[in-house]
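Chemist: As given, the protein sequences belong to chains A and S, one line each in that order.
Just so we're aligned: 250 in this note's numbering is position 250 of the first sequence, and the numbers increase by one with no gaps anywhere.
Throughout, this note's numbering is defined as the position within the second sequence, counted from one, plus 293.
Wrong hints could be hidden among the right ones.
As the list claims (entries may be wrong) - Residues on chain S that point at chain A, a partial pick, calculated with CB under 8 Å: (1) L297; (2) P341; (3) A431.
Think of the hints as simulated: they come from the structure by calculation, not from any bench.
Glycine included, every Cβ here is placed at the ideal spot set by N, Cα and C.
As a plain string of letters, each chain reads:
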Amino acid sequence: MFAAGASPSFLDRVQLLPRLGLGVSTEFGAAQAPGALDLTLLRERHPAYAGFLEIGIETAKGIDDGARAWVTRGLPTTYHYLDINLDEPEDFDAEWLDDVRRIAADIRPAWLCGDAGMWHLGRRERGHMLLLPPILTETAADAMAAGIAHLRAAVGLEVLPENPPGAAYLGDLHLLDFFARVLDRADTGMLLDCAHLAIFQRLRGLPPTAGLDAFPLERVVEIHVAGGSERRHEAFAWVEDDHSPEVLADTWTIVEQVIARAPNLRAVVYECERNPLASCLPGFKRLAALLGG
Amino acid sequence: MSHLALRRVMIRMLHDSLLVEAIYTDPARALAAEEISGAERDWLLATPRAAWGTDPERPARVLAALLVEYPATARVARERVATFFASSHFHGAVRERGSLAQALGEHLAEGSGPLPTALARLEAAIVRTRRAPRTAPASPPGSLRLVPHSTVLDLPCGTLAAFTALRQGEEPADLTAGVEALLVLRRAPAGDVTAEQLPVGLAAVLRAAERPAGREVLAAIAREHGADPGEAASILDGLVRDGLLC
């Protein structure tokens, strides 16, 4: 297990984090897909919607030309990891940590963040990528908190766990209770993905905002907003987190409550990277209005 | 850490519909070997069965990704390929945090006939070599060892020719009697992996160096295979210069 280090509390540290506003996300190759969001065009025509770029990174791939162009211009970024299982100590090998430090020194992100679940089964290899949510237990939360503290110490940047999507969540905790424990044990902030939370609440048959009242919203530093599609497999209804521009009503309900009640919110990502700009503008406009822009 | 064990069961269920069937039909038997609690078993069973099939194309996608590293074997062992996710090799790799690519190689090397078995062993060696550490630990003073990003293996004669033919889209010739020694080597720290046939003497030296071995021991093996007394030392120096021994 990892050793925890002493440091100022997160609620002190968060005051030093920059306010990034409304931004967009990308990952390797996303901008090259047909019909994908043109980051340059978005920044030129709607700079308020492109305050920063969240770069999804597998260290084995690095960053693509679109992200490189953004970084070269010195524009703000965040580093969204796509290749670390935070609750598996074996995953923090020296080569991976070296690669993360090297990439972070290159793109100079405001912080690290990303889905806190399982990104790959076993080692990092071809065919191993599979995003699964964490097992929602106290033991798993404590293991994840230890991994977050370890990564923060190793890289020297804040590490904000994100609640992942899923079609099956196992465990005896509500997802928000799980992450409240993670945040407390790791003394860190949260990237709350509102679309993923809506997926979880629907699977559990709960209202969209169930559990938010008891959640430490002062630790929410960033939120994600994205569209999803309602699917059915046999008799099982679920929501695919497909980052379409059509944000579900449940997600908007969560977004509105969190923006109103999260005093340390620094960044909002509208995850629409694989859609043309025109189809994304209504979502950007609504988010900007919620943020007071 | 039973949450990791539970998650590994979930992973296997997402790839193997036979396991899903077994767990929902007779959970006590299907999960008997798993290090999960009764509560964790109940969470699995409380999940709608259809939830494990929301991405029905996943197994095919994963298999396609893995077969990129088995281009020759895949052409001659199609039926064996199709049973991978129900195999003990797949389930063992997930349980042990292993490599699916290596597990596929082990699966293909069993029960497919001499040619598929030989090809699977060769391509599995390439897979292992490609994943070998970037750096090698130093050998003890006065000794040498084969670099970790290389493998020496004995395969039936004709394996390398069949491998080459299949990769070029041609029909392979039959294997013949006897054994050929092959060297699988990653040329640069993260470069291409090549396979080539080794002369008998050189294969003997390299095989002896799979664990650190004294220079005198290796030189003696070279001399046993026909090297002149003065030549053996320069052969070893050459192997070090070529990046095969360290």
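Chemist: Going back to the hint list, which numbers does this structure go against?
Modeler: Failing hint: just 3.
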